[in-house]
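Colleague: Sequence order for the protein chains is P and R.
Heads up: the first sequence begins at 1 in the numbering used here, then just goes up one per residue.
Heads up: the second sequence begins at 1 in the numbering used here, then just goes up one per residue.
It should be emphasised that the hints constitute simulated quantities derived from the structure, not laboratory data.
Treat the hints with caution; some may be incorrect.
Given that identical chains are not distinguished, each listed pair holds provided it fits within a single copy or across any two copies.
[As the list claims (entries may be wrong)] Calculated lysine to any residue pairs in the SDA-like style (CA-CA distance at most 25 Å, straight line):
1) K160 x R331
2) K311 x I321
3) K311 x R331
4) K71 x S217
5) K160 x G76
6) K420 x G10
7) K356 x D48
8) K97 x M377
9) K424 x S250
10) K9 x F351
11) K50 x R280
12) K50 x G390
13) K307 x R331
14) K9 x V358
15) K31 x G284
16) K356 x E310
17) K97 x G76
18) K424 x V358
Everything numeric in this text was worked out from a predicted model, so none of it was measured.
Protein chains: 2
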Amino acid sequence: MSAKFYGYKGEASKALEEAGAEVEDHIRVTKDGAIYEGILIPRSEHGDDKHLIIKLRSGYNIGIRITPSTKIEKIGSKTRLAFNPPPPPEQKLGLPKVSILSTGGTIASRVDYRTGAVRPAISANDLYSIIPELSDIAVIDAEIVFSLFSEDLTPSHWSKIAEIAAERIRDGADGVVITHGTDTMAYTAAALSFALQNLPVPVILVGAQRSEDRPSSDAATNLIGAVLTAAKASFAEVAVAMHETISDESLVLHRGTKVRKCHTSRRDAFKSINASPIARITDGHITLLTDDYSRRDPNRELAVKLKFDEKVTLIKFYPGIYSGVFDWLVRDYKGIVIEGTGLGHVSRRWFQSIQKAVERDIIVAMTSQCIWGRVNMNVYENGRDLLALGVIPLGDMLPETATVKLMWALGQTEDVEEAKNLLKTNIAHEISERTINM
Amino acid sequence: MSAKFYGYKGEASKALEEAGAEVEDHIRVTKDGAIYEGILIPRSEHGDDKHLIIKLRSGYNIGIRITPSTKIEKIGSKTRLAFNPPPPPEQKLGLPKVSILSTGGTIASRVDYRTGAVRPAISANDLYSIIPELSDIAVIDAEIVFSLFSEDLTPSHWSKIAEIAAERIRDGADGVVITHGTDTMAYTAAALSFALQNLPVPVILVGAQRSEDRPSSDAATNLIGAVLTAAKASFAEVAVAMHETISDESLVLHRGTKVRKCHTSRRDAFKSINASPIARITDGHITLLTDDYSRRDPNRELAVKLKFDEKVTLIKFYPGIYSGVFDWLVRDYKGIVIEGTGLGHVSRRWFQSIQKAVERDIIVAMTSQCIWGRVNMNVYENGRDLLALGVIPLGDMLPETATVKLMWALGQTEDVEEAKNLLKTNIAHEISERTINM
């Protein structure tokens with residue numbers, strides 16, 4: 001497939017060829033009396049051969065079906081140079097050093113997103129140019145670790161991010177910021193909370209729900225807040241920095257093990273579950289919201305525990321779920337996290353299958369699909385029976401955090417009892433002493 | 001196993017036999033200077049042989065380990081008669097007729113729960129005795145359909161409940177109340193929303209988060225609200241009646257397709273997601289919160305569509321999930337609901353496997369694990385590619401509702417395209433026109 005017409009085929013590539021237009025060119029399309037101007041963006045391999053996709057000045061993409069009367073004109077060449085950032089401000093000496101690791105996602109999409117293709121190209125200069133406020137907060141060192149949608153990340157990516165973050169901290173960074181797609185940012189935050197223990201400085205994940213080219217973008221505000229926190233916060237934990245409400249006026253720092261993406265599109269999609277956020281940022285000031293945190297201490301020795309074992313599965317219970325599903329799972333997994341109902345229940349029809357799994361030394365742990373609240377398996381008979389079968393109740397740990405933690409626990413040891421003990425031990429505030437707002 | 005010592009074995013049953021005490025007897029246990037009095041309750045089959053479980057007057061159960069110095073005395077015979085309800089008030093003529101179907105769960109546990117065993121025994125007289133307010137609202141006809149923890153219900157139970165509710169409506173009930181365990185009440189509510197279409201009168205599900213024997217019980221308040229709604233509400237839909245906040249002052253009626261249990265233990269655990277509740281009850285008055293509802297109309301002809309096909313599975317995506325998981329599922333399922341990330345994404349590593357499933361005429365539908373918001377698969381490349389593969393986006397439908405609906409759709413027709421059309425058609429407000437509170 002020609003790179004000039006990336007993703008375009010058949011009729012569409014023929015029409016483009018005739019117009020002398022290529023992907024990334026600025027084009028004008030006239031059809032049925034309407035005129036559309038924008039940048040021709042690449043198509044996915046699954047697209048049809050009848051539509052062009054252009055990115056309008058508004059930032060939105062539209063598809064235009066090519067008909068015999070559709071006219072295509074090239075009005076500008078490859079637009080890669082059309083974005084001329086102002087020269088970056090000078091770096092100020094004496095400021096804290098913050099290392100930014102870019103992993104992809106919407107927040108990284110600004111710099112080279114004009115075409116609709118996600119090709120983050122982040123450098124410290126790019127960042128200072130786009131967000132000059134950053135140069136008043138910290139001296140930044142920025143690097144691309146991956147350029148991936150976060151749903152494409154796997155546990156091995158978590159290990160890589162943790163490894164590089166640890167290097168930057170050992171090299172003297174006063175804090176690390178990780179830019180990340182929001183879809184699985186909470187999973188990565190949990191993973192880093194277990195992989196990076198005894199942190200001397202903060203590690204802050206940050207994303208954006210709306211890309212920089214939209215007026216409602218939260219990218220700059222979130223990144224400024226994340227850098228501020230990495231540079232200056234008095235706590236040294238893994239946290240997620242995102243909008244507190246839909247307004248730009250405040251951000252909150254959610255603890256890495258207690259945070260969840262709870263809305264598909266709102267800027268305040270991230271919520272702390274069964275816990276208070278660690279801190280709030282308003283007007284450039286960080287206010288702590290809890291006194292139960294680990295303090296920043298550059299002399300503390302970081303403990304790095306990178307390994308995750310993917311032989312763990314998360315299974316959500318629902319009425320009618322096949323009662324033999326565990327019999328399948330025991331063949332391939334070493335650990336199973338159940339998202340049970342209510343206080344931590346599943347149908348009695350599962351019991352026999354669970355018993356077999358436990359007898360085979362598979363770790364079976366219980367969380368609740370309610371999300372809020374905590375598992376308590378002593379209240380009802382089904383819960384008590386599950387405990388008797390050897391199912392491990394995980395208190396108010398989120399199902400997602402529990403899955404990540406079990407992968408991590410099984411990555412640390414071959415010994416099943418030891419892994420169970422790790423799972424039950426509160427390592428990074430993943431289990432609250434009691435549920436707040438009860 | 002002797003019924004006298006139900007669930008007790010070994011040492012425990014021997015000690016009970018020596019004391020001449022049986023399950024349901026009132027006993028006194030003296031051990032290490034402490035005295036415990038209560039009702040001996042049955043043990044589960046998985047219990048050990050060393051503990052007695054008694055239900056204290058407080059309503060809580062405790063386990064007491066038998067030691068050589070433990071003394072057991074029987075102080076009262078089978079306590080079935082110890083509960084002497086006051087005589088029921090007289091039924092008032094001219095009131096609406098409400099049919100109560102009991103399926104089990106905490107709300108049903110009052111009448112015969114003194115022993116800790118869940119053996120709901122509901123009659124209209126029992127109910128009037130316990131909650132005399134009911135006799136001012138409606139003439140009640142009450143029956144036990146099942147006595148099950150709701151996590152033990154399956155789609156065939158949904159069909160049974162729908163069938164009996166339809167009979168009562170055809171027999172002239174002005175409304176139906178279904179008492180239900182809270183764990184899977186939202187799934188049943190969704191199921192009834194699809195199985196009972198064109199309702200002439202309301203069908204109200206109700207549960208309790210705290211059993212009647214606890215001071216904080218919500219059982220009576222919720223049941224009164226549910227009966228009031230069934231008897232008098234101007235809407236005729238399937239709804240769930242539960243506390244609006246932790247106070248007893250108001251209840252809300254959640255639409256059956258938009259409701260979710262969002263807390264393990266709070267009385268206001270149930271929330272309407274991406275939708276307003278239909279109505280609020282305060283001081284015995286029902287206030288409608290939306291004008292988009294189906295009005296009560298006794299002449300409307302009920303359409304009953306009872307069948308559910310269990311060959312549907314719900315699978316929650318997480319980083320590191322085995323990319324071949326779909327290859328397993330296609331062997332056993334006709335429909336797969338994905339709880340994807342964010343706007344409706346999964347890793348590209350799943351794409352090949354999804355393609356194969358679609359090619360085999362398996363229905364693959366997308367919802368979001370965010371819970372709030374709506375799937376929009378046109379924004380990012382992974383979403384667009386999933387659409388091109390044939391994945392069906394389900395807007396703001398809850399993953400749980402989507403699973404129930406796909407079971408129902410496949411229960412209605414053998415034709416895959418027809419089932420897809422049913423899945424995409426808004427039948428019971430399961431898809432909102434747009435998300436509120438955006």
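Colleague: Next, verify each hint and record whether it holds.
Modeller: Verification of the hints:
1. K160 x R331: The answer is neither: 29 Å in one copy and 35 Å across copies each exceed 25 Å.
2. K311 x I321: both (21 Å within a copy, 9 Å between copies)
3. K311 x R331: both (10 Å within a copy, 22 Å between copies)
4. K71 x S217: neither (33 Å within a copy, 71 Å between copies)
5. K160 x G76: neither (40 Å within a copy, 67 Å between copies)
6. K420 x G10: Neither way: K420 and G10 sit 57 Å apart in one copy and 30 Å across, limit 25 Å.
7. K356 x D48: between (49 Å within a copy, 19 Å between copies)
8. K97 x M377: neither (47 Å within a copy, 39 Å between copies)
9. K424 x S250: The answer is neither: 35 Å in one copy and 39 Å across copies each exceed 25 Å.
10. K9 x F351: between (54 Å within a copy, 21 Å between copies)
11. K50 x R280: Neither: 49 Å inside a chain and 51 Å across chains, both beyond 25 Å.
12. K50 x G390: between (58 Å within a copy, 18 Å between copies)
13. K307 x R331: within (22 Å within a copy, 33 Å between copies)
14. K9 x V358: between (53 Å within a copy, 24 Å between copies)
15. K31 x G284: For K31 and G284, the Cα distance exceeds 25 Å both inside one copy (49 Å) and across copies (61 Å).
16. K356 x E310: both (21 Å within a copy, 24 Å between copies)
17. K97 x G76: neither (41 Å within a copy, 75 Å between copies)
18. K424 x V358: Answer is within; shortest intra-copy Cα gap is 16 Å, inter-copy 40 Å.
Violated hints for the displayed structure, listed by number in ascending order: 1, 4, 5, 6, 8, 9, 11, 15 and 17.
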